[in-house]
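Number of protein chains: 2
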Amino acid sequence: MPPARKQPPKRQSGKKKVRYAVVGLGHIAQVAVLPAFAHAQNSELAALVSSDPEKLEKLGRRYKVKARFSYDQFEDCLQSGIVDAVYIALPNHLHREFAERAARAGVHVLCEKPMAVTEEDCLAMIRAAEENEVKLMVAYRLHFEEANLKAIDLVQGGRLGDPRLFDSVFTMQVKQGDIRLNPRELGGGPLYDIGIYCINAVRNLFGAEPMEVVAFSANNGEPRFQQCEEITSAILRFPGRERLASFVCSFNGADVSTYRVVGTKGELVADPAYEYAGELKHRVTIDGRTRERTFPKRDQFAPELISFAECILTGAAPEPSGWEGLADVRVIRALYRSADSGLPVSLEPFARDDRPTLEQEIRRPPVNKPQLVNTESPTK
Amino acid sequence: MPPARKQPPKRQSGKKKVRYAVVGLGHIAQVAVLPAFAHAQNSELAALVSSDPEKLEKLGRRYKVKARFSYDQFEDCLQSGIVDAVYIALPNHLHREFAERAARAGVHVLCEKPMAVTEEDCLAMIRAAEENEVKLMVAYRLHFEEANLKAIDLVQGGRLGDPRLFDSVFTMQVKQGDIRLNPRELGGGPLYDIGIYCINAVRNLFGAEPMEVVAFSANNGEPRFQQCEEITSAILRFPGRERLASFVCSFNGADVSTYRVVGTKGELVADPAYEYAGELKHRVTIDGRTRERTFPKRDQFAPELISFAECILTGAAPEPSGWEGLADVRVIRALYRSADSGLPVSLEPFARDDRPTLEQEIRRPPVNKPQLVNTESPTK
Numbered sequence: 053m054p055p056a057r058k059q060p061p062k063r064q065s066g067k068k069k070v071r072y073a074v075v076g077l078g079h080i081a082q083v084a085v086l087p088a089f090a091h092a093q094n095s096e097l098a099a100l101v102s103s104d105p106e107k108l109e110k111l112g113r114r115y116k117v118k119a120r121f122s123y124d125q126f127e128d129c130l131q132s133g134i135v136d137a138v139y140i141a142l143p144n145h146l147h148r149e150f151a152e153r154a155a156r157a158g159v160h161v162l163c164e165k166p167m168a169v170t171e172e173d174c175l176a177m178i179r180a181a182e183e184n185e186v187k188l189m190v191a192y193r194l195h196f197e198e199a200n201l202k203a204i205d206l207v208q209g210g211r212l213g214d215p216r217l218f219d220s221v222f223t224m225q226v227k228q229g230d231i232r233l234n235p236r237e238l239g240g241g242p243l244y245d246i247g248i249y250c251i252n253a254v255r256n257l258f259g260a261e262p263m264e265v266v267a268f269s270a271n272n273g274e275p276r277f278q279q280c281e282e283i284t285s286a287i288l289r290f291p292g293r294e295r296l297a298s299f300v301c302s303f304n305g306a307d308v309s310t311y312r313v314v315g316t317k318g319e320l321v322a323d324p325a326y327e328y329a330g331e332l333k334h335r336v337t338i339d340g341r342t343r344e345r346t347f348p349k350r351d352q353f354a355p356e357l358i359s360f361a362e363c364i365l366t367g368a369a370p371e372p373s374g375w376e377g378l379a380d381v382r383v384i385r386a387l388y389r390s391a392d393s394g395l396p397v398s399l400e401p402f403a404r405d406d407r408p409t410l411e412q413e414i415r416r417p418p419v420n421k422p423q424l425v426n427t428e429s430p431t432k
Numbered sequence: 053m054p055p056a057r058k059q060p061p062k063r064q065s066g067k068k069k070v071r072y073a074v075v076g077l078g079h080i081a082q083v084a085v086l087p088a089f090a091h092a093q094n095s096e097l098a099a100l101v102s103s104d105p106e107k108l109e110k111l112g113r114r115y116k117v118k119a120r121f122s123y124d125q126f127e128d129c130l131q132s133g134i135v136d137a138v139y140i141a142l143p144n145h146l147h148r149e150f151a152e153r154a155a156r157a158g159v160h161v162l163c164e165k166p167m168a169v170t171e172e173d174c175l176a177m178i179r180a181a182e183e184n185e186v187k188l189m190v191a192y193r194l195h196f197e198e199a200n201l202k203a204i205d206l207v208q209g210g211r212l213g214d215p216r217l218f219d220s221v222f223t224m225q226v227k228q229g230d231i232r233l234n235p236r237e238l239g240g241g242p243l244y245d246i247g248i249y250c251i252n253a254v255r256n257l258f259g260a261e262p263m264e265v266v267a268f269s270a271n272n273g274e275p276r277f278q279q280c281e282e283i284t285s286a287i288l289r290f291p292g293r294e295r296l297a298s299f300v301c302s303f304n305g306a307d308v309s310t311y312r313v314v315g316t317k318g319e320l321v322a323d324p325a326y327e328y329a330g331e332l333k334h335r336v337t338i339d340g341r342t343r344e345r346t347f348p349k350r351d352q353f354a355p356e357l358i359s360f361a362e363c364i365l366t367g368a369a370p371e372p373s374g375w376e377g378l379a380d381v382r383v384i385r386a387l388y389r390s391a392d393s394g395l396p397v398s399l400e401p402f403a404r405d406d407r408p409t410l411e412q413e414i415r416r417p418p419v420n421k422p423q424l425v426n427t428e429s430p431t432k
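Protein chains in written order, with the numbering used here: chain F, 53 to 432; chain R, 53 to 432.
Some clues are possibly wrong.
Identical chains blur together in the list; that is why a pair holds if it fits in one copy or across any two.
Unchecked claim - Dumping the calculated DSS-like pairs for lysine-lysine here, alpha-carbon to alpha-carbon at most 25 Å:
| id | residue 1 | residue 2 |
| --- | --- | --- |
| 1 | 317 | 333 |
| 2 | 317 | 432 |
| 3 | 68 | 349 |
| 4 | 333 | 69 |
| 5 | 432 | 118 |
Derived by calculation from the structure, the hints in this document are not laboratory data.
Generate the whole structure from the sequences, applying the supplied hints.
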């Protein structure tokens, strides 16, 4: 039984490090989140939460974390007094529940993307954080990453002229049995997992929110795609002299991770655009002259830990906020409504004034891929 | 008054060269069609047809063509006995009328793309050619071009695995006053002029015809775009385990001409993909290994003249046929119906068995850009 709601303890005052529990020890937690603590000077890996005793034991030993909890013991973790924040790396449909429980216990919440499965879930998480006076951030790693921030700066600065178009392709081969192939109600499918990168990219490159969307989904009938679609292709209409964005995402394609912004006098190609396990590259052509730029592989997860910890320590408002998470989820949901109904779907106006800027950049060296414990790469 | 229909004279028997009249002396005729005759050994530039006396005189002198006709004298040209075929490079809404008149006079028709403005126009042209026993071909230059044919061969040969996605961007800056900015009823707008390349590419790369399409058009309100849209973005659903294609075309973007096919185990990027005035390039990645290939600039118009003349001389059926022209026009029209109505549009099954193959390749050296007479580049 969950404990009664109480006022959040002011544990963090005067402290230099924010103590995190990492909740969920799947692939992304193991290859990216846990190793990132080595680069996050204001953050401490204080506890592990998993349903797998072997993961708890092996990873606890590897990272010298003595506080280990099963999911059933999550309340004990929250009440233990040894964690200030949780990093939620659970399956998408569990984000809301675990975020609300952490908030009620006065523990700050850093939550993987997608923020949750529905708009209602996102709003409930925002409300829980507000009511319990805890910080809430959604883990958009590219909001701290040089290539992405430079792209936003270039486009918003008018270097391409008026940015009129965005087009993106994000595809990978997801293995049968992977959690990404869950039914849509559990947050499975390519839109929740990778389409969200395209949506987040164009919203911030254009500095605007889509007003109308349409989508086609497709399925080749393989057993892998019994519970979610194989491919979704989408068009988004933006206000501000009617810009258009298109993207396609698939769990049954060779690795492609790219977007292109076409302006009235130039274009920016980011390729690869969304990766965390390698270099990112830009090709910018303005007035017919092309310049290429490579951004080195870096740790994209430590910056999230650092930024969120800084907000906790200073009282600043985290960005990307819950509203940023909701902004993408509402587009995903509209796209699925369109794909299901065969009709375009209009979106209500949605206020987002806070856009990522170059000042948010945090650079940390890359991590080495650690040995995996009872998990595997989602892709072939 | 048009002359009565008559049996086509069998002028071509025993002849080595097909005598063409080029009808319409705008930009594409001047920079590409007229110079191509120098590389078309079985073709002869026999007559010029234009409403501009200065073009007739200067181009007639340059190419040593004494037979020069105004549009009002088109019947005289057809009846003169000195032309076997016309190359129609007129504004799109005039294609049907001039094609029908040529056919009725027993003169073969090679017509620029788009074949015509409506499906009805295309069918009337096909019927006129059949009834009058003349050949009809639509001038898809890329059907004879190495890069495009290699791409089709690669994709159809299964090198990328199962080709699941196509995505394309084709944009340019069209100058105010250019004929491409005509109202849609006259065949103006980006779909008729450049979107058609994306449609033609994916139809032949997939070897299939779309079954359902959706489109958004957009307009920034500039005076240039008072009569046609600025941008159209489209999604096409193909049969055969539900493949999806997307493309966006615009008359208000920096020069971009690219497509990408993503298969289950590799991708092909063509960039530039659709140009005739420069090199074409492929980047093929299969199982993670990337290979780049550059295809030299070549004359893409002489091959059309040569292939069509060969069909006239031998009696073979021309490809790309009128059916190929219609196959694209019906997709364009469905996309505009979708953009207008806001609804996806279903397409009837459409039989196209003849697909371009490597055997169609014809190589000719590039032409130099000649001095223009009373015309200018459509782009900034």
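Comparing the hints with the structure gives:
For the homomeric pair residue 317 and residue 333, the shortest alpha-carbon distances inside one copy (20 Å) and between copies (22 Å) are both at most 25 Å. In the homo-oligomer, the alpha carbons of residue 317 and residue 432 lie at most 25 Å apart only across protomers (10 Å), although the nearest pairing inside one protomer, at 39 Å, exceeds that limit. Taking the closest pair of Cα atoms, residue 68 and residue 349 never come within 25 Å of each other, the shortest separation being 28 Å inside a single copy and 63 Å across copies. Taking the closest pair of Cα atoms, residue 333 and residue 69 never come within 25 Å of each other, the shortest separation being 34 Å inside a single copy and 52 Å across copies.
When the C-alpha separation of residue 432 and residue 118 is checked against a cutoff of 25 Å, the pair qualifies neither within a copy, at 34 Å, nor between copies, at 67 Å.
Figure legend: structure checked against the earlier numbered hints; hints not met, in rising order: 3, 4, 5.
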